[in-house]
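Enquirer: Residues per chain are reported as follows:
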Amino acid sequence: DARVTQTPRHKVTEMGQEVTMRCQPILGHNTVFWYRQTMMQGLELLAYFRNRAPLDDSGMPKDRFSAEMPDATLATLKIQPSEPRDSAVYFCASGLAREDGYTFGSGTRLTVV
Amino acid sequence: SQKIEQNSEALNIQEGKTATLTCNYTNYSPAYLQWYRQDPGRGPVFLLLIRENEKEKRKERLKVTFDTTLKQSLFHITASQPADSATYLCALSSGTYKYIFGTGTRLKVLA
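Protein chains in written order, with the working numbering: chain A, 2 to 114; chain B, 324 to 434.
Just to be clear, a hint being listed does not mean it is correct.
Claimed, not checked - Lysine-lysine pairs mimicking DSSO-like chemistry, simulated, CA-CA at most 27 Å apart:
1) B:Lys-394 - B:Lys-380
2) A:Lys-79 - B:Lys-421
3) B:Lys-431 - B:Lys-340
4) B:Lys-431 - B:Lys-382
5) A:Lys-63 - A:Lys-12
6) B:Lys-340 - B:Lys-378
7) A:Lys-63 - B:Lys-326
8) B:Lys-394 - B:Lys-421
9) A:Lys-63 - B:Lys-340
Unchecked claim - Footprint (simulated), chain B over chain A, 3 or more residues, beta carbon under 8 Å:
10) 51-57
11) 62-74
12) 104-112
Hints were generated in silico from the structure; no laboratory data involved. Computed from a predicted model, the values in this text were never measured in an experiment. Ideal Cβ positions, reconstructed from N, Cα and C, are used throughout, including at glycine.
Whole structure, please, built from the sequences with the hints as guidance.
Expert: Written as structure tokens, this is what we have:
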């Protein structure tokens, strides 16, 4: 089965450090999403791309978060500087059409201490 | 503001019974509604999509209904099994690629 690959699976970092999370979407999928999941807020959409172009990043704190797709096989989410409130599971998902389901990766569990 | 509500309390049912989960929304006009399953430590897995002009969609033991007047979707699992135990999430889109998720309902099927 095709899958979305996220690295790292777990990350523990100190407050103020830069964190980079990576995602390899399914080959051929042209829509890529970044979600964040916490117990309190559930799944929140941070940003998404269509054909590598950013379509919406309104869910992302712009002062510290950035999302990019340097090529069709790689999406990155960067936090600089990280804060304890950024502790969450970050999911990447990819898909082809709005009428189809999206495939999620296994997530990156981020802990900022 | 837009709101998607799923029952935050866990739903416990006996094996073999039909589980019914609810997704209610306010201040929203979804064109598409999806249901996902999420197991602990894993990402959500897509189950079904229903469009605003569809009343019902089925897939094996799963059935989804969509009532735009009541602003509600119901998700049914018939002949439930312990392996169906998971958190179920609904997600809505107004027609763009952007889906907003509910907080999910935990289902536990008791053997």
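Enquirer: Taking the hints in turn, state whether each one holds.
Expert: These are the hints, each one checked on the structure:
| no. | hint | verdict |
| --- | --- | --- |
| 1 | B:Lys-394 - B:Lys-380 | holds, 16 Å |
| 2 | A:Lys-79 - B:Lys-421 | holds, 21 Å |
| 3 | B:Lys-431 - B:Lys-340 | holds, 12 Å |
| 4 | B:Lys-431 - B:Lys-382 | holds, 20 Å |
| 5 | A:Lys-63 - A:Lys-12 | holds, 21 Å |
| 6 | B:Lys-340 - B:Lys-378 | holds, 23 Å |
| 7 | A:Lys-63 - B:Lys-326 | holds, 24 Å |
| 8 | B:Lys-394 - B:Lys-421 | holds, 19 Å |
| 9 | A:Lys-63 - B:Lys-340 | violated, 47 Å |
| 10 | 51-57 | holds (count 3) |
| 11 | 62-74 | violated (count 0) |
| 12 | 104-112 | holds (count 5) |
Violated hints for the displayed structure, listed by number in ascending order: 9 and 11.
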